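Please put together the full structure from these sequences, using the hints given.
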Amino acid sequence: MKIFKYGDDVNTDVIFPGKYTYTISDPKEMAEHALEDLDPDFVKTVEDGDIIVAGKNFGCGSSREQAATCIKYSGVAAVIAKSFSRIFFRNCINSGLLAVECPDAVDKITKGSRVVIDREGNRIQVDGEWIAFPPIPEAVRYIIDGGGLIPYLQKKFSGKES
Amino acid sequence: MVYDKGDFPRGRDNKYPTNGGTMGKTFVEKILAERAGKNTVVPGEIVVVKPDYVMSHDNSAAIYGKFKQIGSGRVFDREQILIILDHCVPAASEKYAKNHQEIRDFVEKFDIPNFFDINTGVCHQVVIEKGFARPGRLIVGSDSHTVSYGAVGAFSAGIGRSEAAAIWATGEIWLKVPSTLKVVFNGVPKPGVTAKDLMLYLIGKIGADGALYKAVEFTGEAVFRMTIADRIVFANMTVEMGGKNGYFAPDETTFEYLRARGIDGSGFEAVFPDSDAEYEQVLTIDSASIEPQVAKPHTVDNVASVSEVAGIKIHQALIGTCTNGRIEDLRAAAAVLKGRKVAKNVRLLIFPASMEIYMQAMKEGLFETIIEAGGIVMNPGCGPCLGAHEGILAPGEVCLSTANRNFKGRMGCKTASVYLASPETVAASAIAGEICAAEAMK
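Keeping their order, the protein sequence lines are chains A and B.
Under this note's numbering, the first residue of the first sequence carries the number 1, and numbering increases by one thereafter.
Under this note's numbering, the first residue of the second sequence carries the number 163, and numbering increases by one thereafter.
Simulated from the structure, these hints should not be mistaken for lab results.
None of the values given here were measured: they were computed from a predicted structure.
Built from N, CA and C at the ideal position, the CB exists for glycine as well.
Heads up, a few of these hints could be off.
Pairs of lysine-lysine residues, derived as DSS-like cross-links and limited to a Cα-Cα distance of at most 25 angstroms, are as follows [claimed, not checked]: (1) B:576 <-> A:44; (2) B:212 <-> B:200; (3) A:111 <-> A:2; (4) B:338 <-> A:156; (5) B:475 <-> B:506; (6) B:576 <-> A:28; (7) A:28 <-> B:230; (8) A:28 <-> A:5; (9) A:111 <-> A:5; (10) A:155 <-> B:212; (11) B:570 <-> A:82; (12) B:576 <-> B:475; (13) A:156 <-> B:271; (14) A:156 <-> B:230; (15) B:271 <-> A:28; (16) A:28 <-> B:570; (17) A:155 <-> B:260; (18) B:367 <-> B:200; (19) A:82 <-> B:338; (20) A:28 <-> A:44; (21) B:230 <-> B:212; (22) B:475 <-> B:500; (23) B:230 <-> B:260; (24) A:44 <-> B:570; (25) B:576 <-> A:5; (26) A:82 <-> B:367; (27) B:570 <-> A:5; (28) A:28 <-> B:260; (29) A:156 <-> B:367.
Listed below are several chain B residues computed to face chain A (Cβ distance under 10 angstroms; list not exhaustive) [stated by the list, open to error]: (30) 206; (31) 212; (32) 267; (33) 307; (34) 319; (35) 323; (36) 336; (37) 340; (38) 341; (39) 547; (40) 569.
Now the structure itself:
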């Protein structure tokens, strides 16, 4: 597991450039451009289970959902930030990318940190120390438990029909 | 800037006055309670609502893809869906063309009545000028600048593509009730200082996350005097400070705007905040103290006064977009350009925000003025704002734009720089060949 650490106000244009928004539709191809204008080395080195750690307002700017999708399909297990832009946060819930708002953890995590995320317990372990983060609201848990918004609705509608 | 907790003095118990034990409610608390069928809601609460409209643009093809995956087989309410093609119009490549084709196929298959093809305008302008946005309406859209409709007293917020697809299938969406920031613009701005300057100033002061997750209510003398075009600039850019929605209490200016579009008082139910509403924060700004502003590369909150950056050479000047492409903006630009010439080595691109504006500008002779000055009048649409086509920058180039974003790579090239300013400043700078204030031209 590697840590990619970035600063404040990382916007969705540098996560997934606007020039690709209507020309790329395959999520795996989206992943090839993840963070392209922020960190060109990201796609060259990212592996399954890596974690992105960032400052405040991660994912600000355009509502493009591909910003969450490209990170998810790059193999990143979670994004831990001091705060998230609201539409990006919704996109994470809906696309099943774990987005954890935890300023304390962001301050403590360094490139070499060992990070464990206890999703059910709403806490992160950074180099052996547990830090709590606010739980995902109960009212939207059904989306996460259903594997994301589209899979949840798929099940709902197929259940109706059968 | 003065920070204080509310307009009302504290009582002896150091608490704010209450309204029969219940504090008054802000606009967003009232409209979300009403639409969720609840007596009252509090910030942090999650509600499920049926929006009046769900707006989407060129991304409707991707939404259609997700809609098909959901497998509902039908749209919940075809009248609820608004589709406006604007992001890359006319199509710049086969891929964009195919994208538009898929959208037109969806529109035909599901008989979507509110579809506007590439000859209409930028989605946010169209939603407002066609009267879809009205006081008290609740509109969501899969575009972050959906916040614009608060200019006429609607609640509007951006959402993602999957969520838009979900609404097509179910008619519903969940929303978290935000806390509310009230921004009071006192006083009257100096001549030559526009709504864009005031808004850039605010964003510079509070930062790109200054209103994160929050609803914003704009008020104060400067706001009361604003046209709807000015209010759209504010509401539109609320998202650039992280806001969920931006709201202006409907007033005579709003009602007059709607009447001119054939919408009288029976066509909407305005929602107003209570006079004793509880705000998380109140900011007071002295409008008269503000100079023309620019946002420097590469963030919108990297704000300076025009005089601080005066002299920076530009290669392209862009007037238009959902932020500043209205007839008032084109008039202001033409007034500066009249009888002058755009500097050698500067390309001035004008994008009227809609065909209605385009027609009006043509009737007023504004295009003649712009073209004689050396400008290029483009078709209504988003143009190069998001880096898709019609004016992409070359490496190292500088663009001064009336748009709302200047992120790295935004206009298609990651080594180019984008500055943001008012139409007056952009027009004056196009003539000078470098950033300068319009007042300096007079």
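Going down the list of hints, with the structure as the test:
Simply put, residue 576 of chain B and residue 44 of chain A have alpha-carbon atoms about 19 angstroms apart, close enough for the 25 angstroms limit, and the pair holds. For the given pair, residue 212 of chain B sits about 13 angstroms from residue 200 of chain B by alpha-carbon distance, which is consistent with the 25 angstroms threshold. About 7 angstroms separates the Cα atoms of residue 111 of chain A and residue 2 of chain A, which keeps this hinted pair within 25 angstroms; it holds. With a C-alpha separation of about 23 angstroms, the suggested pairing of residue 338 of chain B with residue 156 of chain A holds against the 25 angstroms cut-off.
At roughly 11 angstroms between alpha-carbon atoms, residue 475 of chain B and residue 506 of chain B fall within 25 angstroms of each other, so this suggested pair holds. Proposed proximity of residue 576 of chain B and residue 28 of chain A is supported: the alpha carbons are some 23 angstroms apart, at most 25 angstroms. Using a Cα cut-off of 25 angstroms, the hinted pair residue 28 of chain A and residue 230 of chain B holds, with the two alpha carbons roughly 20 angstroms apart. For a cut-off of 25 angstroms, the pair hint linking residue 28 of chain A to residue 5 of chain A stands: about 23 angstroms separates their Cα positions.
A threshold of 25 angstroms between alpha carbons decides the hint, and for residue 111 of chain A with residue 5 of chain A the separation of about 7 angstroms falls inside it, so the pair holds. Between the alpha carbons of residue 155 of chain A and residue 212 of chain B the distance comes to roughly 21 angstroms, so the proposed pair stays at or under 25 angstroms and holds. Our distance criterion of 25 angstroms between C-alpha atoms is met by residue 570 of chain B and residue 82 of chain A, whose separation comes to about 22 angstroms. At roughly 18 angstroms between alpha-carbon atoms, residue 576 of chain B and residue 475 of chain B fall within 25 angstroms of each other, so this suggested pair holds.
Between residue 156 of chain A and residue 271 of chain B the CA atoms are separated by roughly 23 angstroms; this keeps the pair inside 25 angstroms, and the hint holds. Between the alpha carbons of residue 156 of chain A and residue 230 of chain B the distance comes to roughly 14 angstroms, so the proposed pair stays at or under 25 angstroms and holds. Taken as a hint, the residue 271 of chain B and residue 28 of chain A pair is broken in the structure, with Cα atoms around 29 angstroms apart against an allowance of 25 angstroms. With a CA separation close to 24 angstroms, the supplied pair residue 28 of chain A and residue 570 of chain B stays within the 25 angstroms bound.
In summary, the hint linking residue 155 of chain A to residue 260 of chain B is not supported, as the alpha carbons are separated by about 30 angstroms, beyond the 25 angstroms threshold. Between residue 367 of chain B and residue 200 of chain B the alpha-carbon distance is near 36 angstroms, which puts this suggested pair outside the 25 angstroms criterion. Using a Cα cut-off of 25 angstroms, the hinted pair residue 82 of chain A and residue 338 of chain B holds, with the two alpha carbons roughly 19 angstroms apart. Simply put, residue 28 of chain A and residue 44 of chain A have alpha-carbon atoms about 14 angstroms apart, close enough for the 25 angstroms limit, and the pair holds.
Among the hinted pairs, residue 230 of chain B with residue 212 of chain B is consistent with the structure: their alpha-carbon atoms are about 21 angstroms apart, no more than 25 angstroms. Taking the CA atoms of residue 475 of chain B and residue 500 of chain B, the gap is near 22 angstroms; set against the 25 angstroms cutoff, the hint holds. Taking the CA atoms of residue 230 of chain B and residue 260 of chain B, the gap is near 17 angstroms; set against the 25 angstroms cutoff, the hint holds. Only pairs whose Cα atoms come within 25 angstroms are accepted, and residue 44 of chain A paired with residue 570 of chain B is accepted, the gap being roughly 21 angstroms.
Annotation: proposed proximity of residue 576 of chain B to residue 5 of chain A holds, straight-line Cα distance about 21 angstroms (limit 25 angstroms). A hinted pair counts as satisfied when its Cα atoms are at most 25 angstroms apart, and residue 82 of chain A with residue 367 of chain B qualifies at roughly 20 angstroms. The straight-line distance between the Cα atoms of residue 570 of chain B and residue 5 of chain A is roughly 19 angstroms, inside the 25 angstroms bound, and the hint therefore holds. For the given pair, residue 28 of chain A sits about 20 angstroms from residue 260 of chain B by alpha-carbon distance, which is consistent with the 25 angstroms threshold.
Distance check on the hinted pair: residue 156 of chain A and residue 367 of chain B sit about 46 angstroms apart at the alpha-carbon level, beyond 25 angstroms; violated. Given hint, residue 206 of chain B at the interface with chain A, holds; its Cβ is 8 angstroms from that chain's nearest Cβ, closer than 10 angstroms. Below 10 angstroms, beta-carbon pairs count as interface contacts, and residue 212 of chain B has none with chain A, the closest being about 16 angstroms; its hint is therefore violated. Hint status for residue 267 of chain B: violated, given a least beta-carbon distance of 15 angstroms to chain A, over 10 angstroms.
Evaluation of the residue 307 of chain B hint against chain A yields a held restraint, the C-beta minimum of about 9 angstroms falling below 10 angstroms. Interface hint at residue 319 of chain B: satisfied, since its Cβ lies 8 angstroms from the closest Cβ of chain A, which is below the 10 angstroms cut-off. The interface hint given for residue 323 of chain B is met, as the beta carbon of that residue sits about 4 angstroms from the closest beta carbon of chain A, less than 10 angstroms. Residue-level restraint check for residue 336 of chain B holds (minimum Cβ-Cβ distance to chain A is 6 angstroms; threshold 10 angstroms).
About 8 angstroms separates the beta-carbon of residue 340 of chain B from the nearest beta-carbon of chain A, less than 10 angstroms, and the hint is met. Of the supplied interface hints, the one on residue 341 of chain B is violated, with its beta-carbon coming no nearer than about 12 angstroms to a beta-carbon of chain A, more than 10 angstroms. Hint on residue 547 of chain B holds. Least Cβ distance to chain A is approximately 8 angstroms, under the 10 angstroms limit. Hint on residue 569 of chain B holds. Least Cβ distance to chain A is approximately 4 angstroms, under the 10 angstroms limit.
Hints 15, 17, 18, 29, 31, 32 and 38 from the earlier list are contradicted by this structure; the remaining hints agree with it.
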